[in-house]
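Asks: What follows is the residue order along each chain.
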Amino acid sequence: EPEVTQTPSHQVTQMGQEVILRCVPISNHLYFYWYRQILGQKVEFLVSFYNNEISEKSEIFDDQFSVERPDGSNFTLKIRSTKLEDSAMYFCASSDQVNTEAFFGQGTRLTVV
Amino acid sequence: AQSVTQLGSHVSVSEGALVLLRCNYSSSVPPYLFWYVQYPNQGLQLLLKYTTGATLVKGINGFEAEFKKSETSFHLTKPSAHMSDAAEYFCAVSTPSGGSYIPTFGRGTSLIVHP
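Protein chains in written order, with our numbering: chain A, 1 to 113; chain B, 1001 to 1115.
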């Protein structure tokens, strides 16, 4: 069964460092999303991506964040200068149409120390 | 704007008992509604969804949910809880916004199942 794959599963980084979280969406999907979940809190929308550009973003998705689809398969989230409060589980998701469910990856747990 | 409220951050039931997890939504247009489950250290797995048509939807693992427009609710139920149902459950609503549908999640409800 097709699935969304995220790497790494766990990333530890020093405050101020840049991190890139990687995702391989399901191959025929066209819509891509990043969400984050701070420990014990709700799953929060960060950004959606369609046709090689950002379609929606939340207030959380500020200038330190960026997304890219560098090739036909990968979808990345970059955090330029990590802060302690960026520590969270980051989920990538994809869907084939806007009105069907999003399929989520297993998540990348980011720990900023 | 759309939003989701899940009543109760924790629900505790005995094995074999009825499971009821509550979800209310706010939306100015007809929504799509979803329930996702998150097992420890895992991602989000779709349990069931409502888009159009029959308001009682059945999902995996014996769960079902009923869309009640008049109550703006989409409560999740299961007749008999199993130990393996212990997990975090998220209700999500999706409505058109700027040409796309972006799921908005509730805070989640942790289901605890006692032997």
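The hints are simulated quantities; they were obtained by calculation from the structure and are not laboratory data.
The structure displayed is predicted, hence computed values, not measured ones.
No residue lacks a Cβ here, since even glycine has one placed at the ideal position from N, Cα and C.
Where hints are given, some of them may not hold.
Claimed, not checked - Pulled from the structure, derived: some chain B residues nowhere near chain A, Cβ distances all over 12 Å:
| # | residue |
| --- | --- |
| 1 | S1012 |
| 2 | S1026 |
| 3 | S1028 |
| 4 | L1048 |
| 5 | T1055 |
| 6 | K1058 |
| 7 | N1061 |
| 8 | F1063 |
| 9 | E1071 |
| 10 | T1072 |
| 11 | S1073 |
| 12 | H1075 |
| 13 | H1082 |
| 14 | E1088 |
| 15 | V1113 |
| 16 | P1115 |
Unchecked claim - Pair by pair, the computed Cβ-Cβ distance ranges are:
| # | chain 1 | residue 1 | chain 2 | residue 2 | range |
| --- | --- | --- | --- | --- | --- |
| 17 | A | E1 | B | T1052 | 22 to 28 Å |
| 18 | B | T1051 | A | N28 | 15 to 21 Å |
| 19 | B | P1079 | A | T7 | 37 to 43 Å |
Asks: Under the constraints set out in the numbered hints, which ones does this structure not fulfil?
Replies: 4, 14
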